[in-house]
Amino acid sequence: MEMVCIACPNGCRLNIEKNEDGTLLVTGNKCPKGIVFANEEILAPKRSVCTTVRTTYKKLPVVPVRTDGEIPKEKIFDFVEETKKIVLDRPYAFQESVIENLFGLGINVVCSVDMNRLVGE
Amino acid sequence: MYDVVVIGGGPSGLAAAVEAKKEGASVLIIEREAMLGGILKQCIHDGFGLIRFGKKLSGPEYAELYIKEVKDLEIETRLQTFVTSIKKSQEGFEIIVTSSKGMSTIVAKTIILSTGCRERTARQVFIHGTRPVGVYTAGTAQNFVNHMGYLPVKKCVILGSGDIGLIMARRLTLEGAKVLGVYEIKCTPSGLTRNIHQCLKDFDIPLYLSYTVTRVFGEPRLTGIEVAEVDQFMRVKPGTEKYIECDGLILSVGLIPENELAETIGVKIDPKTKGPEVNEKMMTSVEGVFSCGNALHVHDLVDYVSEGSATAGKNAAKYVGTKENEANVSSEGMLSLVPQRITEGEHEIIFYFRTLCDRKKATLTITVNGNEENKIVKKYTNLLPPEMERVKLKLNVKGGDKVHFKLEGE
Ligand SMILES: Cc1cc2nc3c(=O)[nH]c(=O)nc-3n(C[C@H](O)[C@H](O)[C@H](O)COP(=O)(O)OP(=O)(O)OC[C@H]3O[C@@H](n4cnc5c(N)ncnc54)[C@H](O)[C@@H]3O)c2cc1C
Ligand code: SF4
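These protein sequences, in sequence, are chains A and B. Mapping of the first sequence onto the working numbering: position 86 corresponds to residue 102, and the numbering continues sequentially without gaps. Mapping of the second sequence onto the working numbering: position 284 corresponds to residue 296, and the numbering continues sequentially without gaps.
Bound-form chain B, shown alone:
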């Protein structure tokens, strides 16, 4: 029996495992792939680690530093092992895994779910026409190019301006493919501003806002697509349809936390983040089950993934099983806010939030039980939905308290 079993060996699971081990817990990492590192293995671009390590690293380098720590601390790992389900047992949890050796059960006192996220696919965005070869999610294209060394397209269009799409626009261009443009249905880009600049503007790749792909052509291989302008309600403007000849369509239309396992044991999911609801210890609604990384909420910076995951690891190791009273956290003017609950007492807590809309100047007001006298006020400039904000607050709460975050400003 392990004190802590970490499911998923990406940066989140690695950081959680390292911290749990440092707290003296017995730890096991279970990873379905042949190597540790998760999605970072294929994120060969740099920009990782500025906050955590104070230098600009590529994704694989960032992962390598954590993998080294995992090895140095002699943390047990099981690779090519897939967790199929989790059951609650008397002492903790039974984790059912399958590997080349067949099916087996691992028992744990606590579980950390760090299963990352998955990409929205063509089926989840509405496009008419055939289902030809040549339509890939950005992550799949990234895996082809950066992992397998294979260029899947020669002349392509990118749908969606998420960061992975922007990064892939640059990557495919460097590898010799022609990226005809990035088409975004919203009137503002979804990716980080710096990626618009260093991935598109640097290579003269056009960005078309308020546009979408309406149709794909070709069988078995993609031969072209139809794009069209949309109005403010995202409805196609008739007569604006245009045919573009290409052999690739790359989708960068968003990420969703991966929580199939969490749902099998009844973890409560926050409809805003699409990940589990957690308290400041990163514990979900199921006692002894923790969540972190992209499985908890989609992060744009891996540095914050590590930070939150370390909190999960530390608290899983310290978990003794006594149920604590909790205050509830609610928000207004935000796309998401984590954590959603706070245990009783005085703590310094890091909150992560995203603004609901662009705000040049914003004010964040935090009140407990509507008490205006002891409110906390923070000022912000240039808040954008794609950029997650982090705020550290000292709060003293009792069980049943209502903590409210209100974000306002134009």
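For reference, chain A alone in the conformation it holds in the complex:
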């Protein structure tokens, strides 16, 4: 099987075969992260996700946020739904959590900008 590693911009083309003991034989990866990626992608694919959330500031209708780690691929749309439920009514700091422990996954959703700087500027 072939797949593309998306763990870094190199985008290595991975070739994956099954060893006799069931483990995966990965080739084509320029670094060890490619092997981890291939295994996860086959068992339980995960992605980090970026979106925006609304604020009460006229100057900043929305601010960018992202998950501070990867979440299961099938949870992507649930995550976006969750972010639509909140409105930020105070200036959040750079990388401050706007949602903690998303879906109990141990992942936080963090603010990508320093809202204090943007509200003040």
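The hints are simulated quantities; they were obtained by calculation from the structure and are not laboratory data. There may be inaccurate statements among the hints.
Only pairs whose alpha carbons sit at most 16 Å apart, straight line, appear in this in silico EDC-like list of lysine to aspartate or glutamate [as the list claims (entries may be wrong)]:
| # | chain 1 | residue 1 | chain 2 | residue 2 |
| --- | --- | --- | --- | --- |
| 1 | B | K67 | A | E86 |
| 2 | A | K46 | B | E401 |
| 3 | B | K68 | A | D84 |
| 4 | A | K100 | B | E187 |
| 5 | A | K89 | B | E401 |
| 6 | A | K91 | B | E187 |
| 7 | A | K89 | B | D214 |
| 8 | A | K101 | A | E116 |
| 9 | A | K75 | B | D216 |
| 10 | B | K213 | A | E90 |
| 11 | B | K67 | A | D84 |
| 12 | A | K62 | B | D214 |
| 13 | A | K91 | B | D214 |
Got chain A sorted already, so can you dock chain B with the ligands onto it with the hints?
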């Protein structure tokens, strides 16, 4: 009078300013928008900074780290100030700016042009029909969604498989729009392979290669488009036209370095990169004028933007005004190669290049004045035109030398 005036406060200008300031220069950043950060402000997706900071950051976060450095170093900035023209003067340059306070002149010893790039628009690609609302460049759509929090389309088609288009296919899908497909006129995608995977395949968005949009319908609002298959010469194959009902057409048909200002002071432009020709110090053909970032050549990774821009900043700060002898750099088998000139002496230089075509295995040979004995040879696998390569070389050249880069392989 400033030692260095940086025009454009995107990641390129920020990195250049930080480096120039660290060299002890007096620095001013001029930015036309209300905030620093350039295009990164709206690139909310992650994938930035893996090389520069060793972690995956979103565009705004990457910019924030540099903006913090600019603030910590107390670098002067003028926001909402637009540079309209530049003139050469006795001590350096006169920069004419307009802002809410009116027109004024700023004087500088050296200038760094970090004005970024602009997107090709519908006018630059040939499409028949009306000019309805609902046709946007990918960057404009990105600004609507990520900056203004407004979804401009409900059901759309993307023309062109550039990275911004791919990123927007995913973004619009997440925001609830239906992306019917990405249509690319070439037989290979223009964007990074990883973006084809994480932006299209992850969301089952189809990619149609060797297809183009031939017609748009609707007035005042877009109601549909016509797509058609093209042959190897990019001519429409008669009878393959198909109507698609949609309210949005997003164009991701390429970026062009923004160099209107550069041209006003006679900077020589490289027809391959569409940006200024520079030496390894990032100085253009006009003494004291430096160029970096997307204004110099369109980058796919901001990390390399920062790297090259820091070089520009450092050298602008060190600039003393003595003209140096230079060797010329030429290339073969490449879409572009930067820098195009090298000053006399021995240096370690980072070159950035793009292959002309897909190459599974490639060999890069570098010769000076055709001397085969001292040639440098580098091997590559899987080179693709959308992915810029970086190579660090130690070269010792004299003025007038001819340095040739030859890239070959299938
Ligand atoms: C939409 C998009 C998506 C991208 N995605 C990725 C990605 O996923 N990963 C990655 O690593 N890289 C990505 N890139 C590439 C990277 O973001 C760019 O290469 C980088 O932002 C370029 O920086 P810059 O400073 O050269 O240009 P810009 O960010 O465009 O900054 C130029 C600045 O100059 C200002 N300016 C221009 N003219 C004037 C004037 N006359 N007077 C005053 N100010 C002026 C502009 O307002 C702007 O702020 C993306 C680029 C784009 C366009
Ligand atoms: S294998 Fe390593 S180098 Fe290759 S894309 Fe994955 S993370 Fe990047």
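- Are there hints from earlier that the structure breaks, and if so, what are their numbers? As far as the earlier hints go, 5 and 9 are violated by this structure, in ascending order.
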